[in-house]
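Enquirer: Here is how the chains run, residue by residue.
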Amino acid sequence: MKETLGRLARIFCTYGVRTVSLLFAVSLISFLLVSASPVDPVQQYILGLGTAVSPAQRAEIEAYWGISVPPAERYCNWLTGILQGNFGYSALYRRPVAAIIRERFWNSLALMLCAWALSGVIGFLLGCVMGMYRDSWVDRLLKKICYALSSVPTFWLGLVFLLIFAVWLKWFPIGFSAPVGVRSRDVTLWQKLYHLILPAFTLSLMSFSNIALHTRQKLVDVLHSEYALFAQARGEGRWTILFGHGLRNILFPALTLQFSSFAELFGGSVMAENVFSYPGLGSAVSAAGLNADVPLLLGVTLFSALFVCTGNMIANLLYGVIDPRVREVGE
Amino acid sequence: MKKQNRRTMAVLLTVIMAGILLSVYALGIFIPDEAAAGSFLNAGKSPSWEHPFGTDALGRDLLMRTLKGLSISMTIGFFASAISAVIAALVGIAAAATSRGVDAFVNWLIDLVMGVPHTVLVILISFAMGRGFWGLLIGIAATHWCSLARLIRGEVLQLRSQQYVAISGKLGKSGGWILFHHLLPHLVPQFIVGLILMFPHAILHEASISFLGFGLAPEQPAIGIILAESMRYLSAGMWWSAVLPGVVLVLIVFLTDQLGEQLRMILDPYSAQE
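Residue numbers (this note's numbering), protein chains in the order written: chain R, 1 to 331; chain S, 332 to 605.
These are computed hints drawn from the structure, not numbers from a lab.
It is possible that part of the hints are untrue.
[Unchecked claim] Only pairs whose alpha carbons sit at most 16 Å apart, straight line, appear in this in silico EDC-like list of lysine to aspartate or glutamate:
1) Lys192(R) <-> Glu103(R)
2) Lys143(R) <-> Glu592(S)
3) Lys144(R) <-> Glu592(S)
No experiment lies behind these values; they were computed from the predicted model shown.
Go ahead and model the full structure; you've got the sequences and the hints to work with.
Expert: Following this line, the structure appears as structure tokens:
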């Protein structure tokens, strides 16, 4: 028991150090990139104000933003601010970045979670079907579909769905996470879900092929193994073998793969949120980039890195659960 | 006999697909700018014989614009994947053939690049470069090398444990000699196939980032920009401007992907004899 606890502590230490060093590097590199940009944030901010600004007022804004402070010192200030939970103030939305991220993260999380679960379930089921009926017409058809889907850009699929289901059939709304003209506290859960369906469906269609092909391969390997052959010799049917021997061997790898796909999930949600004008982190990051809202851009970047790191860490821990050989990583 | 046929088929398919891609590229390059310029008299026309893809809200012919956009996308995609593949080769070889410290650093670097969603990273790089062609090119090149680098690292590690490499070392050959004469020849097919399989991803990312508005200037006919414009007129019923250019993009990406697969079948020593 004590040994297990010690091992767990070691694993968490290893991943903790790794995650912290990665996040630190992400903060440094993104800060350097943003500092190198020829886009002038002050100019963008003044343009956003919509009024003429005198040179004296401009100097005041620059002093308030600390433009003359050397970059190294600015970076240190920014980093200490973040460690205290202060991500700065968004120039675009005129609100603290932390508040924007918190609010939009829940929107994004709802979207990504739905898409993630949906693509996992669809992908796993299709993978099982493909593996069970290997080389039949079903398998070949599904495989073709999976390969074809990987050539389709997310945003275009979103556009086509929007055209078919929202513009032509009018089944779904054109965008946003809630109906226009309704106060945010009056929005019902059903209305939120209703606005979520189309983007989540688009996003999940983009990512299920990977998991389906992976599951198919794993299942084919299992069905070709000697223990599957032995089970067959004992007179077990194909489906009994799948439930008795197959599932436990393919479920965890599929789950692990699904957890390590957080980066693609986030990237896909940036596209989907922009197509469906969904107010999540993805639409915030592109708006921040287009409007030179540096604090928001940096904040979302850092947050997305944290999100991906969390997924990878869960995936790594899951590897340890499935495969005892990997469990020794912490040592 | 049948095995021979499959290989010949693969070679034939490769030549045909490469021919189609090259002709699309050449078409886009040689179409004069006037052909894609518009007049407001033709604004918002649905597809007809005169304008097979219809015209957009400014009256520009969408087929011409799509073709020109594809050639821009292919240029960016090609250069970005070429740069990316070279980075991958250098990093992969450096990780596997030098010290353990370098290997650990490279692994950490790959984790770092994979740790930020590609779309976000390309947005950042594009922002740093002040948007435009170069931001897009460098952004895509800087994000796509990771998986190929891992593949090449694994390959080099495996080659280094081969006996003939050990014997070559014992015979007094230098590390550089072994690298050039024993390792690189094995890596060439991996490199070329990796490069070509990276190409469709690069095109897709180019279109996505242009769609978000971080790529080329809005007046340039990039596919992403055409589709972003079409989104504004979607509820006005201009379906052709969203559907048709996208279909062509998907076909081109699919074709490059298949081209890579066929080439892998021909070049990869493990499947070359199938």
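Enquirer: Hints first: check each against the structure and report whether it holds.
Expert: Hints and how they fare:
1. Taken as a hint, the Lys192(R) and Glu103(R) pair is honoured in the structure, with Cα atoms around 15 Å apart against an allowance of 16 Å.
2. Straight-line distance between C-alpha atoms of Lys143(R) and Glu592(S) comes to about 14 Å, which keeps the hinted pair within the 16 Å bound.
3. Note on Lys144(R) and Glu592(S): the hinted pairing holds, with a Cα-Cα distance of about 13 Å set against a maximum of 16 Å.
Violated hints: none; the structure is consistent with every hint.
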